[in-house]
Amino acid sequence: MNQSKEFVSKNSGRQESIITENLDARAMLDAALRSEGVKILPITPSPLLPADLTEIESEDWGKTAQQASAQNWRWAGAWAEDRGSDLAMNACLEKEGRYLILRTYLPPDEPSLPSHAPYYWAADRAERHIQDLFGIRFIDHPDPKRWIRHQAWDENAYPLRKNFPADGQPPPSTPPDSNYPFLKAHGASVYEIPVGPVHAGIIEPGHFRFQAVGETILHLEERLGYVHKGIEKIAEGRDPLGLVKLAGRVSGDTPVGHSWTACMAMERAAKVEIPLRAAYIRGILAERERVINHLWDLAALCNDVGFAAGYYQFGRLRELWLRENRALFGHRLMMNTLVPGGVSVDVPPDAAGRMQDSTASLRRELDELLPILDANSSLEDRFLTTGVLSSELASALGALGYVGRASGQRFDVRRDVPYSPYESLKVRVPVEVQGDVASRFWVRYKELRAALRLIEQMLAGLPSGDLVSEWRTPKEGAEGFGAVEGWRGEILCYVRFGAGGRISRYYPRDPSVINWPALEKLVLGNIVPDFPVCNKSVNGSYSGHDL
Amino acid sequence: MLRLYGKIFRTGVLTEGIPPASKDEAVEREGARLKAVIDKRFRGSLSIRQVDAGSCNGCELEIHALNNVYYDVERFGVHFVASPRHADILMVTGPVSRHMEAALKRTYEATADPKWVIAVGDCGVCGGEFGVSYASCGAVSNVIPVDLAIAGCPPTPIDLLRGLLSLLSDSVTNQAHG
Ligand code: SF4
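Going down the list, the protein sequences come from chains R and P.
Position one of the first sequence corresponds to residue 32 (our numbering), numbered consecutively onward.
Position one of the second sequence corresponds to residue 4 (our numbering), numbered consecutively onward.
Treat the hints with caution; some may be incorrect.
Going by beta-carbon spacing under 8 Å, a handful of chain P positions derived as facing chain R [stated by the list, open to error]:
hint	residue
1	Arg-6
2	Lys-10
3	Phe-12
4	Gly-15
5	Val-16
6	Leu-17
7	Gly-47
8	Ser-48
9	Ser-50
10	Cys-62
11	His-82
12	His-89
13	Arg-101
14	Ala-105
Treat the hints as calculated values from the structure; they're not laboratory data.
We treat Cβ as the ideally placed atom computed from N, Cα and C, and that holds for glycine.
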């Protein structure tokens, strides 16, 4: 409650109404659960602030999701943890800017739990990921076949159990996963197109199984997991700096977003407050990351529909910013710029001046490009009404970032669960409703411009002070939760410390985990040659998904 | 349309250093040497098939950048191709995840001789941040023979250009693998 009051005094009236609604949302859910006979045990104060933590009995796990779903809570992620004597299972829900983490405990032998997937589409693969890595069986899961596991380890071995060594016992050479039970289509003139894992371009590996009639896509099934590198496992035992390095490589296009989320979770667990200057610099880095990625995808979307001039213009602008990153922060993609407790790079006045100039100049260039893009009928022809994700589907999935916001979903962590420095900034969140490739293109164009404005605000208000706070080793068992709006959308992270300040559990939830299934739906009824531009308009990270 | 042409005209040809402020000497120097070697060995055309065998996707971003207007690697006769059947070189990134091991080997087998393999990025070179584990085979050379390693996390486009050149210079006098 104290925390809520603080928010109210710092923020606008809109925030105030959100907070009252929050209390209502929680109270309403609790009331519904109690009337269903669910025993709820809220843990106060929550060790996972700003998220609430509630423990429930394992047999009530499914019922709880059913009630939450009926009240329009968004399902945001799930992770398990081997605590030796038992397994802890967590699911993260969100409504109106309030995170609620559900937790239950399971015996280590033959653990099973009612599935959330019947009530939440997004829970489908997340639970199968846990099933393959922890050996938890999800009862009533609509499609419990393996997901992240191919053939590198046995069906009855679970890599994220503590008794499974990180080296494992892999076969001398790993066979391909050739008997994965894809859905089969039957009928005259239906044919299959298997694509990948090695694709035709410079792109990450994954498999797409299309069923088509003529040119029209009847069904698409994604098969991911090819770049599973054991990130969750090799995080164990790392020190905080080592974890930040690894987090920066969960998805190479999001080093700032993922390392920030990991830092945030560790800092909360260790009760380390970062200097305000460091928070501002993190904000500047994160918005620059948004800018370079949006520029790149706008370029690539132009390229996918044969508009070469757009591809080269956006690509040129991106390269200028990459070079500036290198000059100012020592790395073109801004890897290794965050450290636990703060940042390792500074923004001296000349760097700030340079960024002000490049921000103004990028805006001028965009002003010039806008009428060109607008007047280009071939872009319109290919983007409009292509790859439609309806608002209903986006909401049912809990679609994140620009994929959600192009389909009427408004959520943005920076505005709705504000963290420093965004709590003192004005975050504008553009939203479109048609849900087609054009909407996703234009949402990103607008987000790009909003990011430029944020960079200017942060440069203008950059406080003086330290870059890093002293690190305090948290006690064994300390845990923390982080949520950051990366350029793809909400990134979540859970961290628990073991003995000696070393990591005992790290789970990063890239927005791609939630958004990948949207692609399967939005391509339906489109023609096969439009698949690349549909795929690019979502641009899921394979690495961030596969871990 | 006029606006578009105006923008193209005003942007100019950045690759050749016009306007002079954008001249990137390092690109020009490395690129010219590369072109000389490719002209001699491959009659002006070298085809690369890129394979992500488990990368974090950071390396892919920089390989892509080779094709932007500043580096424009195609002007040196270097092309990225869609099929290993068309490739002279496999450019492989990432620690090789165990789930990509078979696909990488098959891609290698599908590439016609003579062929070269470049391992790109710290991960491809030595396993990098991910190393060897239940899920990762580590370096590319643990799975297929490698002719050249271009380190960096990720290597910059200039590092990549230099690396390509050094591979070809070495192999001028040597027989290719296969
Ligand atoms: S070398 Fe670096 S950028 Fe390349 S795949 Fe490895 S971690 Fe990613």
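Do the hints match the structure? See the list:
The criterion of a C-beta within 8 Å of any C-beta in chain R is met by Arg-6 (chain P), whose closest approach is roughly 5 Å, and the hint holds. The criterion of a C-beta within 8 Å of any C-beta in chain R is met by Lys-10 (chain P), whose closest approach is roughly 6 Å, and the hint holds. For Phe-12 (chain P), the interface hint is violated, since its Cβ never comes within 8 Å of a Cβ in chain R; the closest pair sits about 11 Å apart. For Gly-15 (chain P), the shortest C-beta to C-beta distance to chain R is roughly 11 Å, which exceeds 8 Å, and the interface hint is violated.
For Val-16 (chain P), the interface hint is violated, the least distance from its beta-carbon to any beta-carbon of chain R being 11 Å, above 8 Å. Annotation: Leu-17 (chain P) was flagged as interfacial toward chain R, and the flag holds, the nearest CB pair being 7 Å apart, inside 8 Å. The closest approach between the C-beta of Gly-47 (chain P) and any C-beta of chain R is roughly 22 Å, which is over the 8 Å cut-off, so the hint fails. Violation of the interface hint for Ser-48 (chain P) is found here, the shortest Cβ-Cβ separation to chain R being roughly 18 Å, above the 8 Å cut-off.
Annotation: Ser-50 (chain P) was flagged as interfacial toward chain R, and the flag is violated, the nearest CB pair being 13 Å apart, outside 8 Å. The restraint placing Cys-62 (chain P) at the interface with chain R holds, with a minimum CB-CB distance near 7 Å, inside the 8 Å limit. Checking His-82 (chain P) against chain R by beta carbon gives a least distance of about 12 Å; that is not within 8 Å, so the hint is violated. The closest approach between the C-beta of His-89 (chain P) and any C-beta of chain R is roughly 11 Å, which is over the 8 Å cut-off, so the hint fails.
A hinted interface residue such as Arg-101 (chain P) counts as satisfied when its beta carbon comes closer than 8 Å to some beta carbon of chain R; here the least separation is about 4 Å, so the hint holds. The interface hint given for Ala-105 (chain P) is met, as the beta carbon of that residue sits about 4 Å from the closest beta carbon of chain R, less than 8 Å.
Hint compliance for this structure: hints 3, 4, 5, 7, 8, 9, 11, 12 are not met, and every other hint is.
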